[in-house]
Amino acid sequence: MNPVKVILTIIPFIWTIGALPFVNQVKPIVFGLPFLAFWLCCTIPISYICLSILYRMDVGKDDE
Amino acid sequence: MSNETMALAIIFAFVIGTTIVGMIPGMNKKMSLEEWAVGGRSFGRWLNWFILAGEIYTAFAFLGGSGWAYARGGPTFYILGYGALAYVVGYYVLPSIAPIGRKHGLMTQPDLVEHMYDSRWLGVLTAVIGVAFLIPYLQLQLTGLGLIIETCSYGVIGRVPAMLIAFTMVAAFVYLSGLKGVASTAVIKDVTMIVAVVFFGLWLPYHFFGGVGNMFEAIDAAKPGFLSLPGGTKNLDVSWAMSTLVLTSLGFYMWPHFSANSFSAKSPNVLRHNAIYLPLYQICLIFPMLIGFCALMVLTPALKVPDMAFMTIVQQVFPGWALGLVGGAGALACMIPAADLILSTSMLFTRNVYGRTIGVGTPPETQRNIARVVVLVLTAVALALAILTPNMLVNLLLTGYAGVTQFFPMIVLGLYWKRATKVGAYCGVIVGEFLVFFLMLNKMDPLGIMGLNLNAGFVALVCNFVVFTVVSMATSTPATIEQKTKAIS
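Chains A and B are the protein sequences, given in the same order.
Using the working numbering, you'd call the opening residue of the first sequence number 25 and step up by one each time.
Using the working numbering, you'd call the opening residue of the second sequence number 96 and step up by one each time.
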């Protein structure tokens with residue numbers, strides 16, 4: 025397996041699951057959300073970015 | 096128009112309009128089994144997107160997301176995380192499944208298991224377990240629908256007539272159009288739901304608190320700690336959230352109806368491409384939570400049923416048209432996932448239970464006719480269960496997610512690991528399902544071990560994984576490896 029791909033795959037898991045013990049707090053409130061909710065919301069763009077790069081690597085620019 | 100008439104008119108317009116859209120694909124032509132069950136494997140990006148994305152916004156996201164926020168606070172936020180992770184898993188798993196399905200004519204999850212392990216009875220077992228977890232899930236959608244329409248029509252239409260009317264319509268379009276009907280109606284459902292949750296999710300906090308941030312400040316001042324883990328609960332703490340996120344992100348694509356959805360894709364790249372964008376859709380799950388949090392601070396007296404938070408606050412604050420919009424969107428949120436569930440359950444039963452035991456050798460045309468009749472029978476059974484014994488299946492339902500996740504080692508490791516064997520798969524699944532039932536029915540979820548509170552399904556999954564691996568290693572022979580290599584290539 026390509027190590028870059030492995031890293032891109034595990035980043036969302038480390039962000040969401042691995043970091044959980046360190047982000048379980050209400051303050052500061054970021055973008056109107058309690059910190060825990062804000063952190064978990066960030067999983068969404070992070071997964072999107074990691075998957076987009078993976079897709080570029082796997083499929084190339086001429087998808088479909 | 097009075098509030099009641101207005102709300103009712105809007106709900107009816109949604110339900111009937113959607114049914115008509117769902118019936119169109121099946122009215123123009125006769126469908127073969129493959130067309131009916133997996134859309135002729137012709138779905139491009141958009142249809143595939145809506146059918147995969149549509150599965151997230153069910154009765155649970157609508158009522159449960161706000162209900163959890165209202166009653167439990169912080170633990171609700173795990174819902175924001177699991178979907179995005181599930182799509183990372185799906186990015187790898189679905190494109191591996193789809194080409195095998197195309198090459199060997201597979202249509203259901205048990206088809207895939209039977210094919211990978213060359214074992215008819217393992218396929219039958221997978222189908223029986225799948226049906227056992229799908230029927231309570233279907234019943235949940237029905238019960239949710241009854242509740243939504245009853246509340247949103249101000250009690251004019253009772254729970255039972257609402258369920259009867261809506262599900263006759265669901266059965267009609269699934270019977271006629273199969274998966275194509277589900278896909279085209281999923282589009283309407285998703286648009287309506289997003290409009291409803293975004294509007295109410297932003298409007299209510301602004302109306303009462305002047306903003307989302309102000310609302311959370313107010314909650315934190317009134318109930319310190321409610322917005323972090325374990326929030327309003329005793330044992331849904333950090334270790335629970337971590338183990339639950341592992342379980343739900345792995346288990347997401349183990350629901351049997353997702354296999355059919357991935358077999359419907361035109362090419363593996365459609366699935367890869369959609370895996371990228373599906374996480375973005377998850378952001379909408381936060382809006383029902385905002386409504387639930389707002390209800391917590393605004394509604395007095397406290398609600399007996401937290402799942403009613405969304406509808407109760409809309410009913411108190413808005414006129415009839417708004418409740419009609421919520422009712423219409425909510426009804427679709429129950430009907431469309433139910434349609435997909437009915438279709439998948441009928442295929443599991445017809446193809447993998449009947450077709451592989453007493454009905455071996457039934458031709459596809461006959462299978463399609465039987466599956467269509469089973470659609471009607473299943474709808475009737477689910478209706479009867481929902482009306483007569485609304486609580487009987489609650490136990491099965493609680494175990495649903497944990498239960499289907501036990502397929503993960505068998506299916507996903509089976510896709511990549513050539514030494515996986517049939518005996519290993521049997522042992523792993525049986526140990527996993529036994530533990531799920533044992534722990535959950537004995538109220539040991541979450542399970543306290545060494546100061547941690549672990550999701551019971553996660554504990555079962557770990558044991559299942561160990562048993563599957565060890566038994567597979569012990570029973571693999573050059574012959575099983577050769578069969579496996581051929582099956583997954």
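Since the hints were made in silico from the structure, they are not lab data.
Mixed in with the good hints, there may be bad ones.
To be verified - Here are a few chain A residues that sit away from chain B, every Cβ distance over 10 Å (derived from the structure):
hint	residue
1	Asn-26
2	Pro-27
3	Ile-31
4	Val-50
As the list claims (entries may be wrong) - Computed far set for chain B versus chain A, every beta-carbon distance over 12 Å:
hint	residue
5	Ile-111
6	Leu-175
7	Ala-179
8	Gly-320
9	Ser-323
10	Val-341
11	Ser-344
12	Arg-367
13	Trp-416
14	Gly-454
15	Ile-465
16	Val-557
17	Thr-570
Stated by the list, open to error - Straight-line C-alpha distance at most 30 Å; calculated DSS-like pairs for lysine-lysine:
hint	chain 1	residue 1	chain 2	residue 2
18	B	Lys-329	B	Lys-399
19	A	Lys-29	B	Lys-581
20	A	Lys-51	B	Lys-329
21	A	Lys-29	B	Lys-198
22	A	Lys-29	B	Lys-538
23	B	Lys-124	A	Lys-51
On a predicted model such as this, the values are computed, not experimentally measured, just so you know.
Even for Gly, the Cβ is constructed at its ideal location relative to N, Cα and C.
Outcome of the hint check:
{"no.": "1", "hint": "Asn-26", "result": "holds, 13 Å"}
{"no.": "2", "hint": "Pro-27", "result": "holds, 16 Å"}
{"no.": "3", "hint": "Ile-31", "result": "holds, 13 Å"}
{"no.": "4", "hint": "Val-50", "result": "violated, 5 Å"}
{"no.": "5", "hint": "Ile-111", "result": "holds, 35 Å"}
{"no.": "6", "hint": "Leu-175", "result": "violated, 4 Å"}
{"no.": "7", "hint": "Ala-179", "result": "violated, 4 Å"}
{"no.": "8", "hint": "Gly-320", "result": "violated, 7 Å"}
{"no.": "9", "hint": "Ser-323", "result": "violated, 5 Å"}
{"no.": "10", "hint": "Val-341", "result": "violated, 6 Å"}
{"no.": "11", "hint": "Ser-344", "result": "violated, 8 Å"}
{"no.": "12", "hint": "Arg-367", "result": "violated, 6 Å"}
{"no.": "13", "hint": "Trp-416", "result": "holds, 28 Å"}
{"no.": "14", "hint": "Gly-454", "result": "holds, 39 Å"}
{"no.": "15", "hint": "Ile-465", "result": "holds, 36 Å"}
{"no.": "16", "hint": "Val-557", "result": "holds, 15 Å"}
{"no.": "17", "hint": "Thr-570", "result": "holds, 27 Å"}
{"no.": "18", "hint": "B:Lys-329 <-> B:Lys-399", "result": "holds, 19 Å"}
{"no.": "19", "hint": "A:Lys-29 <-> B:Lys-581", "result": "holds, 27 Å"}
{"no.": "20", "hint": "A:Lys-51 <-> B:Lys-329", "result": "holds, 21 Å"}
{"no.": "21", "hint": "A:Lys-29 <-> B:Lys-198", "result": "holds, 27 Å"}
{"no.": "22", "hint": "A:Lys-29 <-> B:Lys-538", "result": "violated, 41 Å"}
{"no.": "23", "hint": "B:Lys-124 <-> A:Lys-51", "result": "violated, 59 Å"}
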